[in-house]
Amino acid sequence: MGDRFHEPYDAVLHLLDRQVIDRDGLLVCKVDDLELAETGEGALVATALLAGSPALLPRLGGRLGSVVREYWARMGDEQADRRLPYRIDFALVAELTSAVTLTRPRHGLLVRTPGEDEGPVRHRLGDLLQMEVEAPEGKRRILDVRLDERHRVRSLVIGHGRPGAMLGYDEREGRPANQGPALVRAIVRALHRHAREVPFGQVRIDWEQHRVRVA
Amino acid sequence: MVLVAIILSACAPGTPDEDSWRVDALRSIGDVSSSVSSVQLALQHHDRLFGPYLQTVAVQAEDAAGTASTKLSAVQPPEPYQGRSDTVTSALDDAESLLTDARIAVVRRDSAAYADLVRRLKRTGDRLSRIEDRIRALPDDRSRP
Amino acid sequence: MKKLLNVALGVLTAIGGFVDIGDLVTNAQVGARFGLSLAWVTLLGVVGIIVFAEMSGRIAAVSGRATFDLVRERLGPAMGMANLLGSMGVTLLTYVAEIGGVALAFQLICGVDYLLLFPFVGALVWLVLWRAKFSVIENLFGLLGLALIVFVVALLKLGPDWSQLGHSAVSFQPPKPEAWSTWAYYAVALFGAAMTPYEVFFFSSGGVEEKWGVKDIGVMRTNVLLGFPLGGVLSVAIAACTYVVFNPLSASVDTLGQVGLPVAIALGKIGLAIALLGFVAATFGAACETGLSTGYSIAQYFGWQWGKFVRTDVAARFHLVLLLSTVIALGVLATGIDPVQVTEASVVFSALALPLTYFPILVVANDRDYMGEHVNGRVLNVLAMFFMVVLTVVALAAIPLMIWTRMGA
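Residue numbers (our numbering), protein chains in the order written: chain A, 1 to 215; chain Z, 1 to 145; chain B, 1 to 409.
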């Protein structure tokens with residue numbers, strides 16, 4: 001399998017929840033979440049892998065996610081960085097195959113994300129994936145987020161179901177058209193027949209209200 | 001899921017009634033007679049078994065029979081079954097004490113006694129299976145016997 | 001010899017899956033009560049686990065990812081967590097039973113009550129998991145477990161009425177006076193015993209431990225095609241042996257001591273000694289398999305370093321999980337619960353958890369992104385889809401049947 005990190009890829013299908021491996025082949029963590037930074041031009045670009053319980057627990061979803069996260073934080077009430085996940089900058093990533101390989105050994109690798117007030121405005125992919133989408137055709141969910149080779153968000157795939165529910169069976173260039181088994185492919189495609197790709201330009205994200213509007 | 005499980009368990013057969021005693025009795029007799037047969041088999045072939053092995057089989061059979069007959073004695077038999085219940089209980093008690101005798105002989109390595117024990121175990125096994133047949137033959141519905 | 005040792009992983013996995021303590025007793029029980037009328041379930045289970053293990057082994061060889069990595073990648077963190085809790089529950093229950101099973105096997109050898117033995121057995125299992133090399137575990141217990149072939153020899157020596165056995169095997173209905181529901185319950189239990197999730201966790205993680213690459217796919221297939229059918233043959237032989245000996249007495253089989261009786265009757269003390277060796281090796285091997293699987297699945301979900309191919313301090317969290325699992329298992333055993341009954345329950349729950357583990361493997365085994373040219377072929381996919389359906393049906397039927405028949409009583 002070739003390196004996917006330097007070509008367009010789907011954030012959920014190809015990157016999220018994959019194993020992170022250090023230079024020497026030792027296991028580091030999972031890609032529990034991705035950091036998305038706002039650029040000046042209104043674009044959104046993925047800048048780092050996030051890891052650790054503060055990144056994983058909110059992704060358990062909905063009410064359960066926030067409750068578990070709250071309990072996790074309370075278990076170390078005195079720790080200032082209890083809610084901050086570990087961060088691995090994209091600069092450390094060597095390649096993305098069935099795992100994410102880093103350019104460094106794992107010893108002392110993980111550091112917490114800096115607090116809110118430094119640098120550009122940062123978000124988490126996990127938060128974006130849980131937002132409700134108001135599209136012209138009705139309420140939808142985000143199934144995946146497509147990034148270009150420089151990790152800028154290029155488009156969203158919206159439809160019914162949960163992130164990653166297409167399991168790689170969607171029809172488009174770059175994916176094998178006949179990924180088997182035929183029955184699973186037919187069912188997944190039928191379930192997601194209304195799913196569509198929306199260019200990022202048509203999307204307005206309201207991070208405060210947890211809502212995405214599609215023009 | 002849990003709800004479904006609870007609802008389904010409410011439908012499970014064997015809520016306490018006449019049939020339930022019959023089912024419990026059959027199960028206990030079956031368990032005890034299995035223990036009796038196993039020990040009989042083990043004693044018959046005692047020269048092919050290691051001492052500790054034979055002892056373990058005897059001890060576990062005695063335990064299992066004890067558990068089974070205790071379980072049944074805790075079930076209140078319905079009025080019309082009282083007579084049969086006494087027959088069953090006394091047969092199970094006899095079997096249990098026979099298994100105890102067998103265990104004592106095995107632990108003492110008293111192989112001279114084995115032949116006699118095998119005969120008694122066989123007789124007890126036959127008696128239990130006759131009782132089992134009679135209870136099984138009782139009408140399945142809840143009409144009085 | 002090297003070639004022979006290459007298939008040890010498959011043999012150990014299969015022995016742990018097919019003839020661990022619960023299966024030894026369940027197979028014997030089924031044999032005594034139903035003859036060979038459920039042998040087709042074992043056959044179905046063997047084919048199913050071959051398909052499942054081949055796919056996960058191939059994924060491990062090609063992409064280096066073990067089963068639980070893929071469960072989380074394809075099901076997401078929430079469903080993956082639900083699956084983790086379910087699978088961990090089943091695996092831990094089995095681990096409890098296996099440690100108890102080793103103690104029960106030792107009780108048959110030395111006559112000391114297993115309740116006095118199990119703490120030492122637990123400590124020994126943990127020591128092996130901590131110190132012994134992976135290859136030692138798989139070769140030693142896999143090969144010693146082969147001693148259970150003595151059941152096949154015993155069956156031949158007992159000289160059963162083969163036509164009656166054959167008739168029983170193709171009757172596809174419960175013998176009198178057993179009820180259909182009980183028969184169906186044992187069918188589910190046998191199927192769940194053949195296709196347990198931890199077998200696949202162990203097999204695919206074992207492949208990673210052995211550093212399988214694309215060139216080892218052949219070795220992996222040999223493992224699968226030799227190991228699992230062997231496990232199936234042993235299960236059927238045990239069922240047939242107890243059928244021949246216990247069915248005429250219409251006695252049921254509930255203890256390990258009874259399981260060994262047919263071998264003693266047929267082959268005398270030497271046969272019995274070999275069977276006892278087999279009992280100890282199979283249950284000890286299964287204890288290692290399930291113990292390691294608890295560590296594998298948790299570590300793979302959270303992305304921790306796991307495995308015995310690195311120093312223990314490098315995979316510290318993994319070894320901590322193994323230690324805690326062992327402590328929990330000993331705690332459960334200390335309540336005096338019957339280890340055999342524990343596995344009987346756990347195989348039914350494993351039938352319930354299985355589809356959620358099987359599905360991600362099926363999807364990834366077809367994904368060219370992971371597999372390149374080594375994706376499933378058409379024939380394999382038809383077979384794999386058939387088992388997807390079977391697994392779903394079995395999972396849906398498992399709990400209602402368990403409640404309805406009061407665990408096959």
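Honestly, the hints are just simulated from the structure, not real lab data. Treat the hints with care, since some could be wrong.
Here are some chain Z residues the structure puts well away from chain B; computed CB gaps all over 10 Å [said to hold, decoys possible]:
#1 ASP31
#2 SER37
#3 ARG48
#4 VAL57
#5 ALA61
#6 PRO78
#7 GLY83
#8 ASP93
#9 GLU96
#10 ASP101
#11 VAL118
#12 ARG123
#13 GLY125
#14 ARG136
Among the chain Z residues that face chain B by a calculated CB cut under 10 Å, a handful are [as the list claims (entries may be wrong)]:
#15 GLY51
#16 LEU54
#17 PRO80
#18 GLN82
#19 SER85
#20 THR89
Cβ coordinates follow ideal geometry from the N, Cα and C atoms, glycine included.
Hint check results:
Residue placement check: ASP31 of chain Z does not keep its beta carbon more than 10 Å from all beta carbons of chain B (closest about 7 Å). For SER37 of chain Z, the shortest C-beta to C-beta distance to chain B comes to about 4 Å, within the 10 Å cut-off, and the non-interface label is violated. For ARG48 of chain Z, the requirement that its beta carbon stay farther than 10 Å from each beta carbon of chain B is not met, with the minimum near 5 Å. Under the 10 Å C-beta cut-off, the non-interface status given to VAL57 of chain Z relative to chain B is violated; the minimum distance is some 4 Å.
Distance to chain B contradicts ALA61 of chain Z as a non-interface residue, since its nearest Cβ pair spans about 8 Å, not more than 10 Å. With 10 Å as the threshold on Cβ separation, the claim that PRO78 of chain Z sits away from chain B holds: the shortest Cβ distance comes to roughly 20 Å. For GLY83 of chain Z, the shortest C-beta to C-beta distance to chain B comes to about 24 Å, beyond the 10 Å cut-off, and the non-interface label holds. Every CB of chain B lies more than 10 Å from the CB of ASP93 of chain Z, the least distance being 20 Å, so the non-interface label holds.
Every CB of chain B lies more than 10 Å from the CB of GLU96 of chain Z, the least distance being 16 Å, so the non-interface label holds. Here ASP101 of chain Z stays apart from chain B, with its beta-carbon at least about 19 Å from theirs, past the 10 Å limit. With a least CB separation of 13 Å from chain B, VAL118 of chain Z remains clear of the 10 Å interface cut-off, as annotated. Here ARG123 of chain Z stays apart from chain B, with its beta-carbon at least about 14 Å from theirs, past the 10 Å limit.
Not every C-beta of chain B lies more than 10 Å from that of GLY125 of chain Z, the closest at about 7 Å, which undercuts listing it as non-interface. Under the 10 Å C-beta cut-off, the non-interface status given to ARG136 of chain Z relative to chain B is violated; the minimum distance is some 7 Å. About 7 Å separates the beta-carbon of GLY51 of chain Z from the nearest beta-carbon of chain B, less than 10 Å, and the hint is met. Given the 10 Å rule on beta carbons, the hint for LEU54 of chain Z holds: about 9 Å separates it from the nearest Cβ of chain B.
This hint is violated: PRO80 of chain Z has a C-beta 23 Å from the nearest C-beta of chain B, more than the 10 Å allowed. With a least beta-carbon distance of about 24 Å to chain B, the hint placing GLN82 of chain Z at the interface is violated under the 10 Å criterion. Annotation: interface hint on SER85 of chain Z violated; nearest CB of chain B at approximately 20 Å, more than 10 Å. Hint status for THR89 of chain Z: violated, given a least beta-carbon distance of 20 Å to chain B, over 10 Å.
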